[in-house]
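> Sequence:
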Amino acid sequence: MAPICTTLTRMIDYAGTIEFADWGKLPANPLVSIYMLAYQHEKCIAEAIAGVLAQECDFAIELIIGEDHSPDKTGEIVLAHQRQHPQLIRVLTADRNVGGLANVRRCLLATRGEYADQLRV
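Residues 0 to 120 in numbering that gives the first Met the number 0 are what the sequence shown spells out, letter by letter.
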């Protein structure tokens, strides 16, 4: 998947990961990091993201989406949400599928919150 957004990208030193994030808008120190794995979830990923966006918190959170090079439109959907909500969403992806375990690992390595939890899609 080629980068299709204008947000900042950076390489994470794990499995060729590319991160889409706007570091100028993300919270500096989120208390909670929520991560979700995304692979061939084009039919349900938007609803899962909307569930996180609907939460009302009096503390800073971040949503990390590990998009594992899906052959469907999952990648396009999560990148569109990242562009719409740069103050909350970070997307991790790569130019190839890395598999479930590596996707979990890269998401966990990217968390910055004191607490982290996985939202299963």
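Note that these hints are calculated values from the structure, not bench results. Incorrect hints may have been included.
Dumping the calculated DSBU-like pairs for lysine-lysine here, alpha-carbon to alpha-carbon at most 35 angstroms [claimed, not checked]:
| no. | residue 1 | residue 2 |
| --- | --- | --- |
| 1 | Lys42 | Lys24 |
| 2 | Lys72 | Lys24 |
| 3 | Lys72 | Lys42 |
Okay, the calculated beta carbon distance ranges per label pair [unchecked claim]:
| no. | residue 1 | residue 2 | range |
| --- | --- | --- | --- |
| 4 | Asp71 | Arg119 | 14 to 22 angstroms |
| 5 | Gly50 | Lys72 | 15 to 23 angstroms |
| 6 | Gln83 | Val120 | 28 to 36 angstroms |
| 7 | Ala49 | Lys24 | 25 to 33 angstroms |
Beta carbons are placed, not taken as given, at the ideal position from N, Cα and C, and that holds for glycine.
> Next step is simple, just say for each hint if it's right about the structure.
Hint check results:
no., hint, result
1, Lys42 with Lys24, "28 angstroms, holds"
2, Lys72 with Lys24, "26 angstroms, holds"
3, Lys72 with Lys42, "9 angstroms, holds"
4, Asp71 with Arg119: 14 to 22 angstroms, "18 angstroms, holds"
5, Gly50 with Lys72: 15 to 23 angstroms, "19 angstroms, holds"
6, Gln83 with Val120: 28 to 36 angstroms, "18 angstroms, violated"
7, Ala49 with Lys24: 25 to 33 angstroms, "19 angstroms, violated"
The structure shown violates the earlier hints numbered 6 and 7.
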